[in-house]
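First to last, the sequence lines map onto chains R and A.
Numbering-wise (the working numbering), the first sequence opens with residue 1 and increments by one.
Numbering-wise (the working numbering), the second sequence opens with residue 1001 and increments by one.
Bear in mind the hints are in silico, worked out from the structure with no lab data behind them.
Ideal placement from N, C-alpha and C gives every residue a C-beta, glycine not left out.
Watch out, some of these pointers could steer you wrong.
Unchecked claim - Derived DEER-like restraints, expressed as beta-carbon distance ranges:
hint : chain 1 : residue 1 : chain 2 : residue 2 : range
1    : A       : SER1018   : R       : LEU376    : 38 to 46 Å
2    : A       : GLU1017   : R       : GLU410    : 34 to 42 Å
3    : A       : THR1015   : R       : GLN434    : 31 to 39 Å
4    : A       : PRO1097   : R       : TYR233    : 53 to 61 Å
Claimed, not checked - Examples of chain A residues toward chain R, derived with CB under 7 Å:
hint : residue
5    : ILE1078
6    : ILE1115
7    : MET1118
8    : LEU1142
9    : GLU1144
10   : PHE1145
Listed here are the chains, written in short residue letters.
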Amino acid sequence: MRRVLVANRGEIALRIVRAAKALGLETVLAASAADRESVAAREADRVVTLGPAPARASYLDANLVVHAAKATGCDALHPGYGFLSERASLARLCEENGVTFVGPTSASIEAVGDKLAARRLAKAAGVAMTPGSAKLANADEAVAFASEIGFPVVTKASAGGGGRGMVVAHDAKSLAAGFERASVEAKEAFGDGTLYLERYVERARHVEVQVLGLGDGRVLHFGERDCSMQRRYQKMIEEAPASALPDATRTRLHKAAVDLLGSINYRNAGTVEFLYDVERDDFYFMEVNARIQVEHPVSEMITGADLIRLQLEVAAGSPPRLDQRDIVTSGHAIETRILAEDPRRGFLPSPGRITRWRAPQGEGVRLDTAIEEGSLVSPYYDSMIAKLIVHAPDRPRAVARLRGALEAFEVAGIATNIGLLREVTAHPDFLANQLDTRWLESVFLPHYGEPRG
Amino acid sequence: MNDITPRDIEALLETFESSNWSEMKLKIDGLELFLSKSPDARSSVDFSEYADKAPAPVAAPAAPALAPQHGAAPDHWIAVRAPNLGTFYRSPKPGAPPYVALGQKVEPMTELCLIEVMKLFTSVFAGLSGTVRRVLVEDGELVEFNQLLFLIELDS
């Protein structure tokens, strides 16, 4: 492997260009017309313009990207995250054209990309999933099953979703009463009143394990992350480790992720996402992300690993001599996503020219960005403009460092979520780490912007 | 430059296919599209010989001509640019004469070249009436989106 096509934009394109150059690889950036003047374009050895700004005519066209790789003599292609990164078709196109895909095989992407197929894999590997029943004939059967798995439970319509036929029950009595109602509702909505039952997770945390398959059958993990701070399923703050987990649970979580991806001889970086039930101290498999993720830096900060470099090394067929025992975590890291969005206007994207950009610096502060003063935030793409990452010996000190960094961060010309992040990170629930996936939307945001007094 | 994408063209093709129209002509900005259900309307081109052509060798990249070259050409010489990245071919197949030669008169529907992306060939049309004054790319060269391909002197 000697020349890599970077098929992405923004901070991750820059991150990949730098990691590749550090390994002595040549880099070709495949950019849209909007990104020809980007920092990544400046630092890459060569830039080619795929097409116009809209992603579907540039970054989302697998044929264009692979053609660019071949025509510029690249023998490898790094897809970054988003765009085409989890399309099995891109990985296959690379495989068929002798271009090394820096990621899993197309077969692996397919195996974990389909939710039902992924659940079958998880089940076969003995990984825990949300306990659920088969179809239930009546309320008595439902109560019997719920008593077995424990309350609370939620009824679900066998024939459809969207909240119809869903009743949350905290005890046998309310389940018996709710069952008929749910069944009638399902019958009306889907023409079929058949119900099944699932354990209801009242307070859930989103936890995930960073893994790296070395391609020789071994799958290593780099600890877990807690990404419970979300808005509309978009992560906003990510931490490593997930300090709310008891150590025994953490160990089981790592094993579940390694078992799952080990069972398909997974190659390169991936993440296994789980739902963590705070009350029961139990976790359930959600899905696999077959790519490097936005939040990978927090895992790098606590392990000292360079995951992008490792991705390239694994793809080159020279996996590092790394053993699970060598991967030791230390301290606590937090990442906040800096977005060109206006929280006071319904998180409306705020593209435009950045007239002032004073990024925080200092010990344990890292900023992954492709923005500089004068940069234009394009309206064509995702609104994330930077990732502010801090690292400290423990969570309280990491939070303090983060708050200081957010305080020092000055951006003008466009609206950002920095003000919101300052308030979130000052909230008693955040300081006490009393969070779950619904916290931001149900506890914090309803009162955001109200005068305090 | 226009915002028409390959997908838009696919949608147009589908509309045309399912219609009872015999011909369709469309002109938007720099794009011209001519569709016909008659097999005699255009001769088909055999691309098979292109398909196995080795990829262009990697050379130090020439600065792509993205901006108009000021002073290089008279005002009434109009640029024809690449609609996307791809490999540029001047003739319908290797060894065949090029679609157009210097000094040749062209009409809007005159084919100027092919742009190939993973063995998919797209024709680039002149889009105007005039005379070919410059061919700015070598056969088999990688071209980028918006790169200058031809300069055509507009009929006065």
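Hint check:
{"no.": "1", "hint": "SER1018(A) / LEU376(R): 38 to 46 Å", "result": "42 Å, holds"}
{"no.": "2", "hint": "GLU1017(A) / GLU410(R): 34 to 42 Å", "result": "56 Å, violated"}
{"no.": "3", "hint": "THR1015(A) / GLN434(R): 31 to 39 Å", "result": "57 Å, violated"}
{"no.": "4", "hint": "PRO1097(A) / TYR233(R): 53 to 61 Å", "result": "58 Å, holds"}
{"no.": "5", "hint": "ILE1078", "result": "20 Å, violated"}
{"no.": "6", "hint": "ILE1115", "result": "10 Å, violated"}
{"no.": "7", "hint": "MET1118", "result": "4 Å, holds"}
{"no.": "8", "hint": "LEU1142", "result": "4 Å, holds"}
{"no.": "9", "hint": "GLU1144", "result": "4 Å, holds"}
{"no.": "10", "hint": "PHE1145", "result": "4 Å, holds"}
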